[in-house]
Each structure stands twice: as structure tokens, then as C-alpha cells.
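Novice: The listed protein sequences correspond, in order, to chains A and X.
Residues in the first sequence are numbered consecutively from 62, following the numbering used here.
Residues in the second sequence are numbered consecutively from 10, following the numbering used here.
Since the hints were derived computationally from the structure, they do not count as laboratory data.
Computed footprint of chain X on chain A, listed as stretches where at least three residues anywhere in the stretch have a Cβ under 8 Å from a Cβ of chain X:
hint: 1; stretch: 113 to 127
hint: 2; stretch: 232 to 239
hint: 3; stretch: 248 to 256
hint: 4; stretch: 308 to 314
hint: 5; stretch: 330 to 337
One side only, chain A facing chain X, incomplete, derived with CB under 8 Å:
hint: 6; residue: D242
hint: 7; residue: R244
hint: 8; residue: K245
hint: 9; residue: T300
hint: 10; residue: H317
hint: 11; residue: N320
hint: 12; residue: T340
Residues of chain A placed beyond 10 Å of chain X at every Cβ, according to the derived structure:
hint: 13; residue: D67
hint: 14; residue: H85
hint: 15; residue: H183
hint: 16; residue: A372
Just so it is clear, CB atoms sit at the ideal spot from N, CA and C, and this is done for glycine as well.
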Amino acid sequence: EPGTIDAVKNGPWGSAFNPTNFVHGISGAGNNWAKGHYTEGAEISDQVVDVIRQEAERSDCLQGFQFVHSIGGGTGSGLGTLLLARMMEEYPDRINMSFSVFPSTLVSDVVVEPYNAVFSLHSLLDNAMEVFVMDNEALYDRCQKEVKIATPTYRDLNALVCRCMTGVTTCLRLPGQLNADLRKLATNLVPFPRLKFFIPGYAPITTDQRYQNASLVKELFSPRNMLAACDPRRGRYLTCACIFRGNNLSMREIDHQLNALQTRESAYFVEWIPNNVKTAVCNIPPLEGGQSGTFMGNNTAIVDIFGRLVAQYQLMYKKRAFAHWYYGEGMDDMEFSEAETNIRDMMDEYSMYANEGDTDFELTTDQTGNESDADDSY
Amino acid sequence: MGRECISLQLGQAGCQIGSSLWELYLLEHAIGNDGMVSPLIREANERMFENAYDTIFNETEHGQLVPRSVFADLEPTVCDEIRSGPIRAIFNPSQIVSGKEDASNCYARGYYTIGRDLIDEVMENIRKQAECCDCIQSFFVFHSFGGGTGSGFASLVLDNIAAEFSAKSRLACAVYPSPRISTAIVEPYNSVLLTHTSMENMDVVFLMDNEAMYQLCRARLKIERPSYINLNQLIAQVASTITCSLRFSGSLNVDLSEFQTNLVPFPRIHFPVTAFSPIRTPEQAYHESNSCRQITEQAFSKDNLFLKCNPSHGRYMACGLLYRGDLIPKEVNDAIADIKNKRTVQFVNWCPTGFKVGINHRLPVVVPGSDMAVTNRSLCVLSNNTAIGEAWHNLDLKFDKLWSKRAFVHWYVNECMEEGEFSEARENLAMLEQDYQSAFDMGRDEPDDTEF
Numbered sequence: 062e063p064g065t066i067d068a069v070k071n072g073p074w075g076s077a078f079n080p081t082n083f084v085h086g087i088s089g090a091g092n093n094w095a096k097g098h099y100t101e102g103a104e105i106s107d108q109v110v111d112v113i114r115q116e117a118e119r120s121d122c123l124q125g126f127q128f129v130h131s132i133g134g135g136t137g138s139g140l141g142t143l144l145l146a147r148m149m150e151e152y153p154d155r156i157n158m159s160f161s162v163f164p165s166t167l168v169s170d171v172v173v174e175p176y177n178a179v180f181s182l183h184s185l186l187d188n189a190m191e192v193f194v195m196d197n198e199a200l201y202d203r204c205q206k207e208v209k210i211a212t213p214t215y216r217d218l219n220a221l222v223c224r225c226m227t228g229v230t231t232c233l234r235l236p237g238q239l240n241a242d243l244r245k246l247a248t249n250l251v252p253f254p255r256l257k258f259f260i261p262g263y264a265p266i267t268t269d270q271r272y273q274n275a276s277l278v279k280e281l282f283s284p285r286n287m288l289a290a291c292d293p294r295r296g297r298y299l300t301c302a303c304i305f306r307g308n309n310l311s312m313r314e315i316d317h318q319l320n321a322l323q324t325r326e327s328a329y330f331v332e333w334i335p336n337n338v339k340t341a342v343c344n345i346p347p348l349e350g351g352q353s354g355t356f357m358g359n360n361t362a363i364v365d366i367f368g369r370l371v372a373q374y375q376l377m378y379k380k381r382a383f384a385h386w387y388y389g390e391g392m393d394d395m396e397f398s399e400a401e402t403n404i405r406d407m408m409d410e411y412s413m414y415a416n417e418g419d420t421d422f423e424l425t426t427d428q429t430g431n432e433s434d435a436d437d438s439y
Numbered sequence: 010m011g012r013e014c015i016s017l018q019l020g021q022a023g024c025q026i027g028s029s030l031w032e033l034y035l036l037e038h039a040i041g042n043d044g045m046v047s048p049l050i051r052e053a054n055e056r057m058f059e060n061a062y063d064t065i066f067n068e069t070e071h072g073q074l075v076p077r078s079v080f081a082d083l084e085p086t087v088c089d090e091i092r093s094g095p096i097r098a099i100f101n102p103s104q105i106v107s108g109k110e111d112a113s114n115c116y117a118r119g120y121y122t123i124g125r126d127l128i129d130e131v132m133e134n135i136r137k138q139a140e141c142c143d144c145i146q147s148f149f150v151f152h153s154f155g156g157g158t159g160s161g162f163a164s165l166v167l168d169n170i171a172a173e174f175s176a177k178s179r180l181a182c183a184v185y186p187s188p189r190i191s192t193a194i195v196e197p198y199n200s201v202l203l204t205h206t207s208m209e210n211m212d213v214v215f216l217m218d219n220e221a222m223y224q225l226c227r228a229r230l231k232i233e234r235p236s237y238i239n240l241n242q243l244i245a246q247v248a249s250t251i252t253c254s255l256r257f258s259g260s261l262n263v264d265l266s267e268f269q270t271n272l273v274p275f276p277r278i279h280f281p282v283t284a285f286s287p288i289r290t291p292e293q294a295y296h297e298s299n300s301c302r303q304i305t306e307q308a309f310s311k312d313n314l315f316l317k318c319n320p321s322h323g324r325y326m327a328c329g330l331l332y333r334g335d336l337i338p339k340e341v342n343d344a345i346a347d348i349k350n351k352r353t354v355q356f357v358n359w360c361p362t363g364f365k366v367g368i369n370h371r372l373p374v375v376v377p378g379s380d381m382a383v384t385n386r387s388l389c390v391l392s393n394n395t396a397i398g399e400a401w402h403n404l405d406l407k408f409d410k411l412w413s414k415r416a417f418v419h420w421y422v423n424e425c426m427e428e429g430e431f432s433e434a435r436e437n438l439a440m441l442e443q444d445y446q447s448a449f450d451m452g453r454d455e456p457d458d459t460e461f
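Okay, chain A solo, but in the shape it has when bound:
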């Protein structure tokens, strides 16, 4: 529907965009995933795909797509996942990455969001390669507690999300000592094709403090700086990626602090991956100066978020509450149960790897037999 798009077009940056790149329908999806995915959305999807194709043709060498949407609504979830599927079909070897705003536990904007979220997740599982899980509850929390904004608006929440997004694409845009484009991040972060849901984080969130490298690594792994309402301590990290930006970064400090963290907190990292952290370093400092880090964690505790969604979904679906809005757009019971099964399978896979240890491998002593440096702590 045209409302938000008109607001962007008339906003301060509206004239920077090519006007043909704004596509909107008239009636909106009415918070209905099925409308966004099958009926209303399908009507404008061809137009959107055309525009995307034109942009892709203008590129020298397309790396992939970044989808930014919420999965609780109608358009972002329904049309968003439809487009994701279309892009997967047309450009199967390009990276499809999505920044998805998940429904929060305590803060609920839409009554049917469990349905919309479950159907979107089902589609994301099949079509996206990297999914960044964010939710408003965590974002509000960060704004209030870390950024110290008493009454955060969506503008403040979006600012946080943008910091994270720019952090993720830093190495694509700027030179550094150790580069990592989107695909390199995916190769290192996704051990099995379906385990691709990451918790994003960013530090420093407060703009008036200058952090040394020493605290930066600690801050990145601290749940205070994560943008998803999920406690990483309830699970284990499969893999993580840290992208550092700054003028005077020491590779040695970063390498050693990450190693020290993994050794100290080894219970929270799976043993069957010898080194769980991918590092990337960019020499250009962030806009506000100093140093910053972006964090992407593939943690098994993410199933908590999915578990909550599925539980809410089940409560509603058992009584078929609100389901007629979806049946009315051509969906059937088969799709409802397929979606739930797919997500449960993925959750089981995560839980399996959380609990699996590896007892066959004994770490041998360090090759030199002595500790290399005394000051590994920070």
C-alpha cells in the first residue's frame, strides 16, 4: 500500500532513489500473509521482479540481495517471502540475505502475527541463505538501557538496525586488513544448510564512549548488545563472526582476545568446531569515529524464539482461530501443518547440535608446550 512509500519519497533522502524503484499496490495486505504471498502480493510481484532484474543487469558482478522486512505483518512477510522465493529461482547462485524483524514475546503489534511469522519462517528456511533475527523487544531494551533513550521511537530502533546492517556489508564497501564479503561470512557461519539464523549485535551502541579493543570483543559477546531477545547462555554457539572497524586495530590483539574468550567460555562453544569465530577487519573507522564491531552469532538458543512462535501458533491453530482469513486466500490445512513441521525439524536439528559433544577428540598439548603470552586476559 502507498502510505509508507510516499513518506519515504517525500522524506529527506527520497530524491536519492530512482523513482521507478518504488513499487506499491493500493489496497495493502491487511496483516494477512496469504494476501501478501498469494493474492495482492502476487499481483505486483512481477513488477517488482522486473525492477530488481533491471538493477541486477546494471551490476558488474552481483553478489546477492538483502531483504529487510518484518515477518509479523502481511506485506513484509507475505510479499517478502514471495520475492525471496522468486530471487532464489532466478539467481540461485547469489546470496539471499534477510534482516527479519520477528514478533516479540512481550510486545505484540498484530494479533495474527504467529501465523504470519510461521509461514514466513517456513519460506525463509527454504529460500534464504542468511537470516538475521531481530525483534522489537530487544531493540526497545537496547535503546532504553544502553543508548539511554527514555521513550524510543521506531526511528531510534531503525538506527540500531542500520548500524548492524552497515557493519555486515563493511568489507564489501571498504578496504581492510582482512576482508569478508557476504558469501565468505555465509561459508563460515552456516555449518549445515538449515542452520542459518543469526543473532546480530553491535558495539558500541552508546555513541559517547570510546572503547579499546580489549572491551570491544567482550562487548560484542555480551547479551546487552544483541538485537534479538534470546539469551545466548541458554544455548551454545555453533559459529560466530566479528567484523571490526577502526583506524588502529591490532590483528594480534583481536586474534588473542577471541582465542582467550573461546578458551575461557569453551562450554558455550561447540567442541566439534575447533575455531568458532570468523574475523574480519576493516581499516576505515565508523562514521562516529573510534572503533566498532558487528557481531553475528549462530547460537542454538535461537530455538527459544522459534519455540515461542510455534507455541503461540499452535494455540491459535488448534481452534482454527482467524484461519478463515487464510483459507479465503486459497491456503489449506496442508500448508499450515507443513510449515509447522518444517520449523520443528529445524529446531530439532539445532537442539541436536547443541547437545552433541565430541568425546573422541582429546586436545593435544600446545605444540610448544608453553603458554605464548601471559596477558591473555582483558
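Model the placement of chain X on the given structure of chain A, informed by the hints.
Specialist: Here is chain X on its own, set in the frame of chain A:
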């Protein structure tokens, strides 16, 4: 003139090391950043018969010196930095080859899919470089083990070079995965696959790892927060000493093919580690003396190695000592005699001679702004020790952990690789570990050895 050596800089690590290396070469030969040598220096060189920079530079008819080198990376960022860096003017633009999309830390992308798109251009460049040479002696490759381009694309390039230039030696300076720290999660896979594929194609691979070099920077150079630029400067010093005999005269020259012959006892055991001395700050240099004996002793200390490994856990199979600067053969022989008497330096019994010595009289040079002290003599030790088997063992353990769950394998299989290749590579490395172990076992004195 002959004896030319073509440098190949592959991947981000290779290109960044190359940048530091050519900066050092320019200083050593007093060549300006535009590739020209001043007429006075040319005259002085001719008088001393010192214009053997032919081996690494190609002189055009205008008198410009162009490096005999190819920089290749599958993505453009790193090459763009070189194209806009301080020494950009010495390179012919066609020597710096970059693709559009990188190997993303995936050996299979570097070897099979993305690498295949760039290999023709790179080989074309190498051929062009080879045509400008009278008689190439060797290829000197710089790359990392853990990256996608450094492992996959490097293997592909080496395959092609081995096929086309089979009679020429192929040496490499490679960044090996550190035992404890790492920047890429799939590093073990890439390293094992690279070693397997290039085992037959490489003659000598000098191993170095970041952890050991960081330690050197902190302990010796007092750099609190070392970064890659510091490490690359150290690597450049080592590489410069290795090619030193090709470029300057000395009392005991060592060709690159002589490294092969003297350092590699069995074809598969071709992974020596490097050590360099003196590594010290200008303040220390003021207070410490720098005799031949002292630098030799320092170079044989475990803390001066560029790879994390304990040589006293194994035995030396061969050792190359490349001295450089102001010294005479007599001092060198005395220093070596001292080393032979050290208990920590034990050789296998099937290698009675053990040492290959090179002496070059050109003084070592230090890049201004680097933290190393200017010195009038230096030593680079290249040692082939059975203890390096431990480093392979730890790498294999890491590989096994990942492989046990088949983690990340789908990224490789999607790029036209087969799972069988992983198992083959792992078996090859298991055999390599055994080779090192047998070399050690063979080399220990039996209690009832009779003497003639």
C-alpha cells in the same frame, strides 16, 4: 643473464606480503618508486658487477625496472589498494590481476568454480613474464593455507605451472594455520585440501604462522599491538634473504635450486620452517653486540622460529643458513661449530653433514618506519625438522573435528567438489605425518650401533 625468479602473489595474504616485499626490494636495489635507478647508482653497480637485479626485475628499453611478478586475487579490493598504493608505478597494470567475486574462504570455489574464470588470464601473464626472461630458474609463490584463493586458486595455478614449466623449481612462502588462533572457521579444510593437491607440485614450502610472528613482534620488537603490516615486513626480510644470492654477489652463493637439493631429504618432506635474526629494536641494537656467533645462537632459539613448533621434540634433517652482510667464512664456520655442539640441536643420524651455508656480502636493509633495527649482518635459518610433524598432527585433529559432523561440507559440494576428495586429502596427510615419524625413528641412534 638467466636465473630469473618470478614471484606469484596469490590471495589477500599473498598480495599484502607482496606489497611489503617489493617495497623492500626497491630499497635494497636503490630503485625509485617510479622504477628508475639513478645513473650514479647504475654506474656504481656496473663497477661492482652488481646489476643482477635482472633476476627479479625486467629492464625495459627506457631503463625502467619492472618487477617479475604477478599479483592475483579473486576479488578486487586488495589489488585496488596496490594499484593505488605508494609503489603502484613500478607495476605494469596487466601484472595485477583481480576477479570480481572472491573464493569466500572456500577451497572448492578457488579451485573449481571462480578460479577457473581467472586462471587463463593469470597463466597468460605468467607466460608473458616467462618470455621476458632469458632462462627462468624458479617460481616463488606467496599465499596462505587458510584462505579460499590462497588454497584453492593457488593449487590451480600450481597445477598449471607444474604442467607448463615442469623443469623449473617451485618454492613457496606460505602462511600456515596457527595452533591456537585463527580468523577463519573452515581453515582446516582449506589447508588439508591445499596440501594434498599441491604435494606433488611444490618443491619447497617455507612455513610461517601468525601466532609465532605475533610473539616475535611483541617479545623482540616490543610492538605492543602488532598488525599484519608488521608481520609482512618480517616475512619480506626472510624472502629477501632467500633470494639474496640471486641478486647480489657473495663468497658462498645459494641458488634457489640448491635449496631443493639440500633441504629436502625425501620428496614429501619439503616443509622447512624459517627463523631470522637479529630481530631487535634500535634501542637494543645500541646496547647489544651483533657478532656472527650471537646471531647464529639467537636464530637457533625456539622463540625465533616463525612457526609454533618445538624443534627439541624432533631432530633436524637439514638446515640452510643464509648469512648476509659483513662477515667472513671463518666466523661463520666457528659459529656453526658452536651450534653443532649444542645439545638442543640434534640431527638425525642419516644426515651427518646437515648444514647448507650461504654467505652474501650485501648489507641487510630495513624499511624506514618499521620497528626493526638496522644491522650490519643477519641470518636466516631454514630448518627441516621432524618436529614439524606435530604441526601437521594438530591440523589434522582440527580437520577431523569438523569432518566428523560433515560440518560446512555442503559449501564445497555445491561448488562441484566431491566428499571423496576430503577423505583422500586426509589420508594423504595421515601418510605425511607417518613420513615425518619414520624420518625421526630412522634417525635415532640405536643402542647397539657399532662404529667403524
